[in-house]
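Undergrad: Kindly produce the complete structure, drawing on both the sequences and the hints.
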Amino acid sequence: MMSNFLDALTPDAVHSLESAVTTARARHNPYLDSEHLLLGVLSNELAQQALHVGGVSADQMMAAITNQMSIVRDEPLNLTKGLTSEARLNFAQAGREAHQMGHDFLCSGHILLGVLQRPSGFLEGIFKDLPKFDLVKIRAYIQANVEEPSGIFSKKWRPSTWEFANVFAGLGIPSNGNSQVRNKNSMRPVPSPQPNRSGAIQATRTAKLTPRPNQQSHGGGLSTWQTLLIAAGIVVMVAYGAVLYPDVTVPFVIVLGGWIISLTLHEFAHALVAYWGGDHTVVEKGYLTLNPLKYTHPFLSIILPLIFLLAGGIGLPGGAVYIERHRLRSKWWNSAVSAAGPFANLICLIIFSAPFWLGYVTIQRIIDRPNLWFALAFLVFLEVTAILFNLLPFPPLDGFGIIEPFLPPDMATSLRSLGFVGLFIIIFLFRIPTNTSGSTLGDSFFNQAAEITSVFEVDREEVRQGYIRFRFWDDSNN
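Mapping to the working numbering: the sequence shown position 123 is 123, numbers consecutive.
Bear in mind the hints are in silico, worked out from the structure with no lab data behind them.
Honestly, I wouldn't trust all of these hints.
Claimed, not checked - Pairs of lysine to any residue residues, derived as SDA-like cross-links and limited to a Cα-Cα distance of at most 25 angstroms, are as follows:
| id | residue 1 | residue 2 |
| --- | --- | --- |
| 1 | Lys137 | Gly102 |
| 2 | Lys128 | Gly55 |
| 3 | Lys294 | Trp333 |
| 4 | Lys132 | Val146 |
| 5 | Lys331 | Ala412 |
| 6 | Lys294 | Tyr275 |
| 7 | Lys294 | Asn78 |
| 8 | Lys132 | Phe153 |
| 9 | Lys128 | Gly278 |
| 10 | Lys331 | Ile260 |
TA: As structure tokens, then:
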């Protein structure tokens, strides 16, 4: 039998979970993980005393964990998307601990045992540097000192109104038939799909098989058929435009479509290297699916890149991949994650320019299909600008991310705090004249990009024609 997870919580467990969610949000972690749970329960006296009996200081453990986590941000996240698979396993283990002790409630001590019994890879690395603790003694202390919640709390506790209820939706713990009072007063049993198996086994399977949710369960997002309908509509519109207005539609779709592919591969590369480096949460966040929608952010992914693309023809990768860098194994991996994005752009550059440097694009083919080849030439140029621009050592660009792990911590923190102000600083610098004729740093940047583009057998005039065709709304180019 499975009991509702929220109904089973004790006051100290509620306090611990609230602290865990607050910790995750303060560090801009959209998913609640094992280390957040552990820090949450360590704020409770029962857990602190249990660890002391087990041979390790709670303060020492907290310091070791926080030193390896990402920094606390000025503004916390305002939502938590759900639990990691590791956290779900922790709750399943906590449920088993409660069941074995004969408890039909879940306290902070049970959660502590759940985390210590099934630590994530991140916590395992930290535990190796701490004094070895005795789980048997910790468990014995918790069992001897845990207190069942009062009937008053059970009557007043309204989990449906708890602000963090959505975070823990779908969790369950095994119900113990010996605890009749708790069961009658506050537990709402939910029939198990397999009544012949123990609740503990069923809870474990639930934790293992339930992936981290990528969206809230209360209705947001598009259904599959709606997505397909929108995609079909876009295809029809593009086909219609290609037939009636080919000079406008073909270049625009090639450049924009190619840029979306490039953006997807850029962010996928960040996520893939992060996975290799130790941040396995990218799997459950959907970053390894090559789905462009997983990398989108209203400002970072749409508005800002379009402003740069439409205003100046600079390829600015605009996806949003949230890497939990405290999970990465070393500063070299941290640097490699940042370098992976520009490297993906280099791969796109080589592929998009292949028809040119392989000699397939001849003068006759350009005459036959100018919209196709000029647009592709401009796309190649965009990839070059994306690489050059993104390698500038200014936050929040990847160039800064590459060198950041090797900077003094105080300097790195100060520079990182610039955030997107760094982009506007670059824009300002691009407008600074470099000589008396009025040439600017921006002109030098584009000239350098054109020189590199020519290495791939793409001519400046081909790029210019592609730029003109892409910006069909700009009469000054005609």
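Undergrad: Go through the numbered hints given earlier and state which of them the structure violates, listing their numbers in rising order.
TA: Violated hints: 8 and 10; rest satisfied.
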